[in-house]
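Novice: With the hints as constraints, model all of the structure from the sequences given.
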Amino acid sequence: MALPKRIIKETERLVQDPAPGISAAPHDDNLRYFDVTIQGPDGSPFQQGVFKLELFLPEEYPMSPPKVRFLTKIYHPNIDKLGRICLDILKDKWSPALQIRTVLLSIQALLSAPNPDDPLATDVAKHYKENEKDAQRVSREWTERYASG
Amino acid sequence: MDTDSPPQGLFFAGSDDGNDNDDVLIEEPQPGAATESKPRLFFADSDDDEETHASTFTTPMKRSISVHIENDGQSSDAEIPSFEEIPRASSVSSISSALSGKDKDSSPAPYVESTEPPTKRMRMSSPFTASQPPFESIYIGSFIVGNAWSTVRGKGYIKSGDEIQVEREDQDEGPSFKGSGTSKKGKKGKAMDKGKTKQLSIANMMKAPQPKMSKKKTNTVVRLTNNRGFEFGRLPTDVASWVSKLLDQGESTVLEYSFVNHLTSHLDMVEFKGSTMIDCPPVLHSGADLIVSLSIYLRSSAFKPPSTFASMSTITSAKQKINMMFNEGQETLDEQVLRERKSSLLKLFDAIGLKPRAGADFIKQRYKSDKELHEETVKSTMQAKKPPKIEIVGDGEEVEVEEGEDLSENELNMIYKKAQVNDLSMGEMEPPDTFTLTLRGYQKQALLWMCSLENGEASARDAVSMHPLWSEYVFPSEPVDGIIDLTSEEQPFYFNPYSGELSLTFPKAERKCKGGILADGNCHFLQKVLGMGKTIMLSALILTNCEAELVDPDLAIKDFSKQRQLKLDNAFRPLARQRPKSTKGPSVTLIVAPTSLLNQWNEEIQRSSQPGTVKVLVWHGQNRLDLEAAVEADDNDDKLVRVVITSYGVLASEHAKGEKSGSSLSPVFQIEWLRVVLDEAHHCKSRQSKTARAVYALRARRRWAVTGTPIVNKLEDLYSLLKFLDFSPWSGYSFFRSFITLPFLDRDPKAIEIVQVILESVLLRREKNMRDSDGNKIVELPAKEVTIENLEFSPLERKIYDSMYTDAKKNFDRLSAKGLIGKNYTHILAMLMRLRRAVLHPSLVLSEDQPDSSPADGEVDIDSMIRRFSKEEGTSEGSGNNAFAEGVLANLNDLDSNGECPICLDVMQSPMIIPACMHQCCKDCIVCYLASCEERGEEQRCPTCSSGPVKESDLLEVVRSTKERNGDASNGSQNSLPEVILRRNDFRSSTKLEALIYNLRRLRDQDPCFRAVIFSQFTSFLDLIEVVLKREHLNWYRFDGSMDIKRRNEAVSEFRCASRKPKVLIVSLKAGGVGLNLTTANHVFMMDCWWNAATENQAIDRVHRIGQEKTVYVKHFIVADTIEGRILQIQKRKTAIVKEAFRGKDASGSDSESMENLKIMFGDM
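Taken in sequence, the protein lines are chains A and C.
Reading the first sequence from the start, the letters are residues 177 to 325 in our numbering.
Reading the second sequence from the start, the letters are residues 25 to 1189 in our numbering.
What the hints contain is simulated information worked out from the structure, not anything from laboratory work.
Fair warning: there could be bad hints in the mix.
[To be verified] Label-pair ranges, simulated between beta-carbon atoms:
# : chain 1 : residue 1 : chain 2 : residue 2 : range
1 : C       : GLN1030   : A       : LYS243    : 44 to 50 Å
2 : A       : GLU230    : C       : VAL931    : 28 to 34 Å
3 : C       : LYS1054   : A       : GLU230    : 36 to 42 Å
[Said to hold, decoys possible] As a list, the in silico BS3-like pairs of lysine-lysine whose alpha-carbon atoms are at most 25 Å apart:
#  : chain 1 : residue 1 : chain 2 : residue 2
4  : C       : LYS947    : A       : LYS269
5  : C       : LYS1085   : C       : LYS1070
6  : A       : LYS269    : A       : LYS181
7  : A       : LYS269    : A       : LYS228
8  : C       : LYS1070   : C       : LYS823
9  : C       : LYS947    : A       : LYS181
10 : A       : LYS243    : A       : LYS228
11 : C       : LYS833    : C       : LYS823
12 : C       : LYS947    : A       : LYS185
13 : C       : LYS975    : A       : LYS267
14 : A       : LYS269    : C       : LYS975
Think of the CB as a built atom: it goes at the ideal place given N, C-alpha and C, for glycine as much as any other residue.
Specialist: Structural data, given as structure tokens:
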């Protein structure tokens, strides 16, 4: 199955001109499967952390959104235990005009701005709502523990 | 004047009294009421045609006459009517003396037809070969001139009853005298004119006959002299004006122009013998009234072809042809001579009361309106220049054509009717063994017809009509000694009131002319209604008549000389190169067909012949280098029938190449073909088009033109074909124009009659619904059901259309008020074109060319309105994006501005604009995305900015017209698009498309494997139809002029392929309207209406033709209350006009007719 031109182009651009704090590289055996790392944004509880993600471009891409999941454990109201991300552009707000790069940047931004009002991990969201300071502390701990590798 | 040779009498001297003589003279030649026009002759009537030439001297002369009359004491008014009562027989006594020695053997000798090659006289109308009349001169009649006047004073010159001579001014003068003296004398003469005749002394008179009128054109003096040769008087100017012409006859008149005096008295057409003085005063004085009786004899030379035809045509033809290119229809010198001769003869016949016994009885009408007619000719020539209209001929070649003489269907039927009368009983002919298919009865008939024409055998059809331009007259009996022998045999003669030619032999329509044509190959044309197997018939002909013609040395020479003359005439090429040949003539057939049909011809010829008997070369595209070699390669293989097939496009470009380089002619024009067949010959209907000129330059022994519509919408269409066939005399444009086109414009039914007779001899036309002699239809075809579906615009479409229409109408009214319609004809046609497109689909007129269009056009308003309309459809509040939107729109005109598609990240292919936010994507990407959203049940939004909802139908496609598109046959300037247009990606909102889909869906429900053909004249609309069909998941194929042959052939053959799925073929009316065989389909959809129904019917005949087994359903889509309804109205109106056409002469003329049509277009309904 030939890879669509768009995916080749995107991959090339990701390699040539990577977004700051983000890396993405396709697997040799499956060019639709990307290993992704995102640095926790400065000023967020995830600062200093390097999070691993996996990104998969489905057959319908770019008509349907890429599938993205955190591999690194993270304490975030919009990311659940399994690493699944609650982000509108990965769901109903997806547009084919978005790209891998924009998706990853959005995820990075999500780390800076957790949205407990639209939670995926309900307990984390509750924690963030009730005591944000304490929740951020836990996030920082998790980052040190799991994402400082 | 040469009067000594006694005429070989044709009448017996009998015994009868003078009154009877008079009766005979009057009654026999004029059975009908003929007196109305007669009295005019006796008045000095300045309305007479010839008077225009004499105008410089008319006035003084008249004055002198009237002065005299008053002096004379007798009122001329009293005298003039009395002329009628004067018995003509009073002249008899003196006639008898002149004719007493006359030979009594009156029976006309059998005329031996000479074998003179007709090619020499190709410019003449005479369809008979010249024969030598068996007499020097023959009595034609006599008339009385009551107001001749005396130029001398005194006694003894003449007395009543004396014989007089009638002489022409210059005939008795030596050439040197005349040549040198004319101008000087002219001056002197004028001076004397002023002084009136009274001042002239007799001596003066006798010494120097007045060359008063010796100014070039105005010299019409006719002298009366007595037996001693003294001039004593002259004929009055009104009579002299035409008598002088007859005495001079064309040649000397012409030569006078150049002051070269030729003594051409033996060419004079008439002589006056036995004319007598009836009454004169005993003592003459200048200006005295003389009443003379003139007896006129036609000299044998009159029956020869007028010398002007032969001599003038060769001298002036080259120049004339050149002129003709620029000043069509302007009168040339020889035409003028011709006209003068003609009108003089007409006046003569009128004067002597000679009426035609049969044939064209136009004397009276012609006589009265001759001048009028001439003026109209000039007028209409000028008018004709005004409204140029672009039509497409050949392979996409554009030509300007004149408007204003369109023919309706009724007229066409009338024209064809005669040509078809005898077809039922025509014999049949079996094709040769090498022909492998079976021919139907009517096809065998056609084969016989074609073969007989090619071989020059007696015609398969009998036609013995008189040539339509000729009338039959009977020589009046000549009174001898006052006696007329009533038992003498009536001898007819023939007169052509159009050309002024006279003949003694019966001018048969065409049949003799055909022999003449044979000399340079058989030229005839075959018209087949399409779908009747014309390819097969011609294939049969090619196989039947395949032997190379032997070269008759005489013939070859004639052929050659004629070729050369043709070439010079047409400035086609410097010299025909006659290849030194063996005894064998040309044997190859050249078939010229539209590009789309080349393959079909090739296949059909192969299919219909035994393998190995025919060798076909398709000379087109890349393989067209070695034509000459290929043709000559197996020149010695007699058994092989060789055929070359080429296209009009190739021919035209080869010809243009040859014309440019001058010397090196393309081999296709050098080779002499055995036979040239023009398929769809109306491709060269415009005689000035490159295609037509290329076709005329072909050399061939036999020429066939095959077309479904020899007359597409005007009679001149026919001209081009006749020209190709070299069907003289009609192949001369001026001839055709003056005898057919102009009379037709003049509502002269004769024009149609003439065309009928021409066609009778060269045209074979059968229609599908014709029946054979057994009463069976010659072609059994299933029924055809035609329905017109009237549609209503959606409110938005209505709004757009109405605003466009209002603009156009305003424009038209403005031009109309200023009287500038003629000048802006093309502009108006363009407006109409736009409206017609708007009916199909608003986006077809949505253009993005604001910078170029002036605000006055109103286009900006419409465009912006449409754009606003598009935005209104989206609910988005796009107000914030205005700057961005403007930027996008501004960039559209930049052809290289295609950006990256946000979806595929590639350069956008056929970018689409989302109207709400002006973001762009590839067409495929955005369509695909929106579809996937729909599938998921998600709202459709702009992928870039998420504004929405976005409907697929709102998308605007940016279409940049490419060059190929502009050049192809189906998409010429008529429907060329602006550089960039935005087209709504609209499947639903066009009323016509919706109707089409609805029909197709219903069809699919009823018949899951239907075949339908969709016609439209706009390829841009075909594009839209394509989209619709794609969306409907129908298998569709496309056929238009922008595709190369290979792709066209593929499209058609795939469409024909059997399959269980429904198939649709979309065809551009122009590219596929002819020739194609699409009998696999039985549903036809006509998306738009063409100006004439014939073109539409031809398109429908692609489906409704031999091989069709099912009922054919045709559906026309018409949107109510639009220009389409008005087009239909025009078609109907035309028919109505024709019904009225021949009832009386309509003062408005034809030009106003197209005006009327425009008024229908823009008038209030």
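Novice: Does each hint fit the structure? Answer for all of them.
Specialist: Now the hints, each set against the structure:
1. In this structure the supplied range 44 to 50 Å holds for GLN1030(C) paired with LYS243(A), their Cβ-Cβ distance being about 47 Å.
2. At roughly 32 Å, the beta-carbon separation of GLU230(A) and VAL931(C) lies within the given 28 to 34 Å, and the hint holds.
3. In this structure the supplied range 36 to 42 Å holds for LYS1054(C) paired with GLU230(A), their Cβ-Cβ distance being about 38 Å.
4. About 21 Å separates the Cα atoms of LYS947(C) and LYS269(A), which keeps this hinted pair within 25 Å; it holds.
5. Proposed proximity of LYS1085(C) and LYS1070(C) is supported: the alpha carbons are some 24 Å apart, at most 25 Å.
6. Distance restraint check for LYS269(A) and LYS181(A): the Cα-Cα separation of roughly 23 Å lies within the 25 Å cut-off, and the hinted pair is therefore satisfied.
7. Restraint check for LYS269(A) and LYS228(A): the C-alpha separation of about 24 Å stays at or below 25 Å, so the hint holds.
8. For the given pair, LYS1070(C) sits about 43 Å from LYS823(C) by alpha-carbon distance, which is inconsistent with the 25 Å threshold.
9. Simply put, LYS947(C) and LYS181(A) have alpha-carbon atoms about 16 Å apart, close enough for the 25 Å limit, and the pair holds.
10. The hinted pair formed by LYS243(A) and LYS228(A) meets the criterion: a straight-line CA distance of about 14 Å does not exceed 25 Å.
11. With a CA separation close to 15 Å, the supplied pair LYS833(C) and LYS823(C) stays within the 25 Å bound.
12. Straight-line distance between C-alpha atoms of LYS947(C) and LYS185(A) comes to about 20 Å, which keeps the hinted pair within the 25 Å bound.
13. As the CA atoms of LYS975(C) and LYS267(A) are separated by approximately 21 Å, the hinted pair is consistent with the 25 Å bound.
14. A threshold of 25 Å between alpha carbons decides the hint, and for LYS269(A) with LYS975(C) the separation of about 17 Å falls inside it, so the pair holds.
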